[in-house]
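Undergrad: Here are the chains, one letter per residue:
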Amino acid sequence: MSENNEKKGFFSEMIFNNPVFGLYLGICSTLAITTSLNNAIGMGVAVIVVLVLSNIAVSLIAPLTPDEIHIPVYIVIIATLVTLVGMLMQAYTPELFSALGAFIDLIVVNCIILGRAEAYACKNGVAASARDGLMMGLSYTFSLLAMSLIRQLLGTGILSFSNPMSGNEIFSIRLIPQGFEIPVFKTQTGAFLTFAVLAAAVAAIKLNSEAKEKAKALEAAKAKKKEAAKA
Amino acid sequence: MNKQSTIYKVLLLGVLCAFCGLLLSGVNGLTAPIIEEAAIQKEKANLVLIYPDAEFKEVKDYDDPTGLITGIYTAEGLGTVYKIHNVGYNSNGFTFLLAFNNDGTVGGFQVLEHGETDGFGSRCFDEEYVSSVESLTTSDSAPLLSGATLTSTAIKQGYDAAKALFTAK
Amino acid sequence: MNLFTIFISGMLINNVILAKFLGMCPFMGVSTKLSSAIGMGIAVIFVILGASVFSWVLYYFVLVPAHLEYMKLICFILLIASFVQFVEMFIKKQSPSLYKSLGIFLPLITTNCAVLYVALDNITQKYTFIETVVNSIGVPAGFMLMLVIFATIREHLDSCDIPASFKGNPIALIVAAIMAIAFQAFAGLV
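Residue numbers (this note's numbering), protein chains in the order written: chain A, 48 to 278; chain B, 89 to 257; chain C, 21 to 210.
Mixed in with the good hints, there may be bad ones.
Think about it this way: if two alpha-carbon atoms lie no more than 20 Å apart in a straight line, the pair counts; the simulated EDC-like pairs of lysine to aspartate or glutamate are [said to hold, decoys possible]:
hint	chain 1	residue 1	chain 2	residue 2
1	C	K146	B	D149
2	B	K130	A	E142
3	C	K146	B	D152
4	B	K97	A	E115
5	B	K97	A	E142
6	A	K272	A	E260
7	C	K53	C	D181
8	C	K146	B	E146
9	C	K187	A	E257
10	B	K97	A	E165
11	B	K148	C	E89
12	C	K112	A	E115
Partial pick of chain B residues on the chain A-facing surface, computed with a CB cut under 7 Å [said to hold, decoys possible]:
hint	residue
13	Q92
14	I95
15	K97
16	L104
17	C108
18	L112
19	T119
20	I122
21	I123
22	A126
Just so you know, the hints here were simulated from the structure itself, not pulled from any lab data.
Since we're looking at a predicted model, the values are computed, not measured.
The C-beta atom is built at its ideal place from N, Cα and C for all residues, glycine as well.
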């Protein structure tokens with residue numbers, strides 16, 4: 048029973064505190080690169096690495112940093128990490144590097160990273176900051192996966208994944224017969240539509256749970272009143 | 089040291105930048121050769137059509153005012169290969185390799201991809217025209233082919249651009 | 021590429037918002053009111069032009085001769101942050117009313133993906149100085165165009181009957197999807 052609750056907690060965390068569909072952070076890359084599962088996982092991993100390491104670095108250096116220069120300090124840390132990840136990707140996963148293109152460098156201005164550094168990492172310990180980075184990174188990757196799944200499936204009819212380092216295909220399943228796929232999902236329009244629907248879905252879930260909470264609270268208040276009237 | 093003092097701030101930023109710079113230069117030293125090697129490998133499949141069994145090195149800095157040259161590769165001891173992209177009849181253009189041997193003669197002329205009209209522009213990539221180009225030197229220019237004027241003019245322009253860079257070296 | 025092509029390509033054909041998905045974060049926040057959209061648009065044009073020109077100069081006159089090209093990302097983003105800070109101080113002094121109306125959005129220009137993108141793109145495309153200037157005006161002009169169009173649309177959208185879960189940003193994205201189709205018409209222009 049408690050395991051069920053814990054699982055519910057993890058997924059509800061992903062949905063309710065989703066930085067992409069809830070807070071609209073990091074949406075530039077979400078819209079641009081989610082045309083395939085490879086891109087989504089590649090970008091997701093890159094952002095998780097940068098986010099976790101930057102949170103750790105910021106949480107270590109924040110106590111030493113006077114308030115006036117905290118922005119340039121965090122920026123230098125994040126930019127260094129992004130450049131490092133970019134160099135390693137260009138050397139060891141060249142296809143992924145060229146697929147993600149300019150968006151690897153643009154991880155620097157991904158609002159999620161600087162946002163977490165300012166909101167959490169500078170005020171908390173190393174372990175907590177690392178965990179926060181991991182959770183946020185996973186939420187982001189989860190959002191990328193959701194977008195890519197829909198866009199790749201409906202746009203090309205195929206779900207496929209290849210090893211980013213060697214280029215070997217790991218699996219490729221055609222789920223929609225050729226000729227029935229909807230190419231618009233590969234384009235910008237499709238990206239906007241998919242994102243809008245997913246964002247609306249998250250909003251709907253949130254509104255629904257808020258309505259449920261309100262109803263519960265109302266019930267509880269009514270019950271209390273009844274009890275008070277009885278007594 | 090007082091955290092609020094200017095010296096501290098400058099020092100902190102300076103040390104941080106220096107540390108990051110060193111870290112980056114280290115990783116750069118590690119990854120740059122791999123990246124260069126990969127770039128050449130990609131092109132190698134085409135380059136060996138001209139100089140099989142050669143060691144190729146990419147030339148990164150070159151000044152090409154025409155904008156037609158998309159890559160330069162030196163084959164050690166043999167010559168230099170120029171990758172050229174120009175527009176003939178088909179607006180998408182075509183790409184070809186043109187190599188000059190170290191002695192100034194043409195080492196090879198190889199089309200990589202083209203969308204020129206069959207029987208007209210495509211004659212520029214047939215045996216006859218290709219061997220006429222391959223017998224030229226740096227004191228000549230690529231001939232025009234009647235019936236394939238646009239395509240052969242595009243080849244001539246590429247030839248002249250490569251020649252200019254080769255003789256300037 | 022001649023200068024006119026670069027300008028039109030930056031502004032319409034490869035529109036930052038609709039074609040390249042850059043600058044979306046501030047776009048979602050600022051495009052709700054026309055007045056803030058115009059103010060933000062002008063500020064972004066100024067910042068992108070200034071930051072890109074300085075970045076170009078920094079790259080070709082400092083980083084390349086010193087073989088420090090890999091420091092480009094750090095240097096560019098620091099340059100952008102400083103430039104935005106400088107612009108903020110300048111506006112605060114010269115026109116406090118403008119400063120107040122722009123509010124929080126001015127410092128947020130630093131994290132606008134479009135600013136860093138233009139600075140990097142000028143290097144990737146190996147533009148000359150003049151081409152850099154033209155590109156750095158064309159791209160933010162497209163951004164401002166989008167902001168203004170969307171602000172006018174969203175001001176009308178507010179009075180429409182929209183399902184609860186689509187209210188606010190999701191419906192704006194659907195509008196963006198339709199505009200993306202419209203702007204694809206520019207694709208064959210050059």
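Undergrad: Which numbered hints turn out to be false for this structure?
TA: Hints 5, 14 not satisfied by this model.
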